[in-house]
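Participant: Each chain, letter by letter, is given below.
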Amino acid sequence: MISLESYIPALAFLAEAAADAVKTGASEMNFGAGDFFFYLFAVIAVFSAFMVVTAESPISSALFLVVTFFAMAAIYALLSAHFLAVIQVLVYAGAIMVLFLFVIMLLDLRKEELIEKRHWLLGAVGFVVGIALVVLMVASFRLSQNVEVAVKSGTDQEAPDAAKFPAIQESADQIDGSRIEAARFGTTRRVSKHLFREYLFPFEVASLLLLVGIIGVVVISRRRRRRRPPGEVIDEEGAS
Amino acid sequence: MHGIFTLLATSTHVESLDGDWLWALIKAIAFVGIFLTIVPVMTWVERRGSAFIQDRVGPNRITVFGIKNAGLLFPMADGLKFLFKEDFLPEKAEKILYTLAPMMIMIPAFIVYAVVPFSSPIMHESVADDGAITRYIFSIQIAPNLGVGLLFVFAIASLGTYGIIVGGWSGGSKYSFLGSMRACAQMISYEIPLTLSVIGILMVYQTLSLQGMVAHQTGGGLLGISWLPHWGIFVQPLGFILFLVCAFAETNRAPFDVVESDSELVAGFHTDYSGFKFALFFMAEYASMVTMSALIVILFFGGWHIPIITPENPGSYLIDWFRGFDMSLLWASILTTVIHFAVFMAKTGFFLWLFIWVRWTLPRFRYDQLQALGWKVLLPLGLVNVAITALLLLFYGM
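Residue numbers (the numbering used here), protein chains in the order written: chain A, 9 to 248; chain B, 332 to 729.
Be a bit skeptical, because a hint or two may be false.
Said to hold, decoys possible - Only part of the chain B face toward chain A is listed, based on derived beta-carbon distances under 8 Å:
hint : residue
1    : Val479
2    : Leu482
3    : Phe483
4    : Phe485
5    : Ser489
6    : Leu490
7    : Thr492
8    : Ile519
9    : Glu522
10   : Leu539
11   : Gly543
Claimed, not checked - Listed next, with one range per pair, are the computed distances between beta-carbon atoms:
hint : chain 1 : residue 1 : chain 2 : residue 2 : range
12   : A       : Gly131    : B       : Glu595    : 42 to 52 Å
13   : A       : Ile112    : B       : Glu595    : 18 to 28 Å
14   : A       : Ala57     : B       : Val388    : 31 to 41 Å
15   : A       : Ile104    : B       : Asn400    : 42 to 52 Å
16   : A       : Ser200    : B       : Ile360    : 30 to 40 Å
17   : A       : Ile104    : B       : Ile365    : 26 to 36 Å
18   : B       : Asp461    : A       : Ile104    : 53 to 63 Å
To be verified - Sample of chain A residues with no beta-carbon within 10 Å of chain B, all distances over it, derived:
hint : residue
19   : Gly42
20   : Ala57
21   : Ser69
22   : Ile83
23   : Phe91
24   : Val133
25   : Leu141
26   : Phe209
Keep in mind that the hints were calculated from the coordinates and are not lab data. Where is the CB? At the ideal position from N, CA and C, for every residue including glycine.
Chain A on its own, in the form it takes in the complex:
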């Protein structure tokens, strides 16, 4: 657990960026229901992510991570990536985090056991990485704002920065021309067509990697089984 103090400046920075976004959102864009829900879930996601790191009990920490996944799924759904949203909840919130909780409960980690002295270097590295992430996030946020301005105006005059990024400018033109297409791109049919036609090879490679992982787990757990005294029952076969 990284100390609370090191995160305060980072959070303040983020809050400022969010406030900026809300202001521009209210004045320049039509602040509709979609925007409201986006900011609602964004705030929930950031808050619960913060709580994952700072929560005292590992169980609450894991539960806040579930909330983060859920809020992110909601944001995916708002971006009309329905399939991704549902898979996010089904796989991460519904299955993987249950396993996490299982392990935490199995080890019965309590608050007291986790309070131990950490090397100062760990904290420093964490701080630097955290700041780098925030900078990356804000940078990508600014870039995406340029795209939106370009979409709104349709010309380069009001968005000089976008002209520097031809790819973004091109995609901005496409967004404007194909709104209906955009509403459909996240459907199960579309995603599976992409996955099993264009990206079949990466898909198979990824599944092979997972298979290797599964076999690895079986091998490791078998080795342990031999060392145990006979008669001890192991009841979580292949549980991962």
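Since the structure of chain A is already known, use the hints to place chain B on it.
Facilitator: Structure of chain B alone, referenced to chain A:
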């Protein structure tokens, strides 16, 4: 659905009321109300049914003005008891999580109803002066336009496990903790076969939308037999059996109620709970039973379709039959919707009874037996089902 399709194809304009959030809210409140009313009825059926199966009399002591009512007032007495009992907080409990756990199990159980199509849509038409016909559609489903329907159900239903895990852990008692440990182990062993069991039927229906699945099961003439309805159970018999078995594990009902196992763990994960918090756990169990029964009906038993009467000929469909009596489209479709809803509830009711029937007939599986069943029997069978379905679709194009 045929009659509806013909109607939609012949109209100049189709307007849907489904996008209106106010109607969605009204529908949501109405459905939650309906299913909250089912819960006390189910407790009555469970008690009287178990008594019937075990050759006992069952609850029959409450009489009103001397009239025996077969214990129908017991659910009311139960509800009052839950409200007035002390809300006890165990000494070692984590207060916030302990309070949140019943809600964590209750909310997913009800959110699932958002995508369930309960009946055929209500329609209304208006003819303009120039002969243009505008037809309005009102779906009996809270969120009809969600394309990921079935996945949504699984995603939300899988969140219900947290209620059990957190509820068992936060009480600080060993019995309830063991219950929630078992819940974790049980969940990983049946969730994969559950998902695998529907992949076959998804391949046949080619859609994830529950509405689309019901539409796919219209009419008869399956395998050339004119009276055999086009239901999922006849297309995917193995898939149905796998789904049914996993549904019992998903709802934590006997023979897979190792999470509760009254005879070993007192009451399993909710041992420490009392008063209304316990009532919430109790209600969530019945709510998820209703969900799974409704899903079985939608996936494998034609949803709100009436067997045999639902013919291949679109012209003689129920709604068209009603319109034959000079009824306006609105009234004809309302009547059809009511009948379809009754059919849907009757089918769902049968499976609810099946849950009770099985509970009072079969003994409980030991928790390692349940895991062995999930991993060594159901999972391979699910894979076999997917493979066979794929081959059949590839060569015969079912």
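Participant: For each hint, tell me whether it holds in the structure or not.
Facilitator: Comparing the hints with the structure gives:
Look at valine 479(B): its Cβ gets to within about 5 Å of chain A, closer than 8 Å, so that hint holds up. The criterion of a C-beta within 8 Å of any C-beta in chain A is met by leucine 482(B), whose closest approach is roughly 4 Å, and the hint holds. At a threshold of 8 Å, the smallest CB-CB gap from phenylalanine 483(B) to chain A is about 6 Å, leaving the interface hint in force. A hinted interface residue such as phenylalanine 485(B) counts as satisfied when its beta carbon comes closer than 8 Å to some beta carbon of chain A; here the least separation is about 6 Å, so the hint holds.
Because the beta carbon of serine 489(B) sits about 3 Å from the nearest beta carbon in chain A, less than 8 Å, this interface hint is met. Contact between leucine 490(B) and chain A, as hinted, is supported at the beta carbon level, the nearest pair being about 6 Å apart and thus within 8 Å. For threonine 492(B), the shortest C-beta to C-beta distance to chain A is roughly 5 Å, which falls under 8 Å, so the interface hint holds. Given the 8 Å rule on beta carbons, the hint for isoleucine 519(B) holds: about 6 Å separates it from the nearest Cβ of chain A.
The criterion of a C-beta within 8 Å of any C-beta in chain A is met by glutamate 522(B), whose closest approach is roughly 6 Å, and the hint holds. Hint on leucine 539(B) holds. Least Cβ distance to chain A is approximately 6 Å, under the 8 Å limit. The beta carbon of glycine 543(B) comes no nearer than 12 Å to any beta carbon in chain A, farther than 8 Å, and the hint placing it at the interface is violated. Separated by about 47 Å at the C-beta atoms, glycine 131(A) and glutamate 595(B) satisfy the suggested range of 42 to 52 Å.
Under the hint 18 to 28 Å, the C-beta atoms of isoleucine 112(A) and glutamate 595(B), about 24 Å apart, fit the expected range. At about 57 Å, the beta-carbon gap between alanine 57(A) and valine 388(B) misses the expected band of 31 to 41 Å. Taking 42 to 52 Å as the suggested C-beta distance range, the pair isoleucine 104(A) and asparagine 400(B) conforms, at roughly 50 Å. Serine 200(A) and isoleucine 360(B) have their C-beta atoms about 35 Å apart, which keeps the hinted 30 to 40 Å range intact.
Take isoleucine 104(A) and isoleucine 365(B): their Cβ atoms lie about 34 Å apart, and the range 26 to 36 Å holds. Remark: the range hint 53 to 63 Å for aspartate 461(B) to isoleucine 104(A) is upheld by a beta-carbon distance near 59 Å. Taking the minimum C-beta to C-beta distance to chain B, about 12 Å, the non-interface status of glycine 42(A) holds against the 10 Å cut. Against chain B, the non-interface label of alanine 57(A) holds: every CB pair exceeds 10 Å, the least being about 18 Å.
With a closest Cβ-Cβ approach of about 12 Å to chain B, serine 69(A) is found to remain outside the 10 Å limit, as its non-interface label requires. With 10 Å as the threshold on Cβ separation, the claim that isoleucine 83(A) sits away from chain B holds: the shortest Cβ distance comes to roughly 15 Å. With a closest Cβ-Cβ approach of about 6 Å to chain B, phenylalanine 91(A) is found to fall inside the 10 Å limit, against its non-interface label. Non-interface call for valine 133(A) relative to chain B: holds, since the shortest CB-CB distance, roughly 32 Å, exceeds 10 Å.
No Cβ of chain B comes within 10 Å of the Cβ of leucine 141(A); the nearest lies about 28 Å off, and the non-interface call holds. No Cβ of chain B comes within 10 Å of the Cβ of phenylalanine 209(A); the nearest lies about 21 Å off, and the non-interface call holds.
Consistency note: the structure conflicts with the earlier hints numbered 11, 14, 23.
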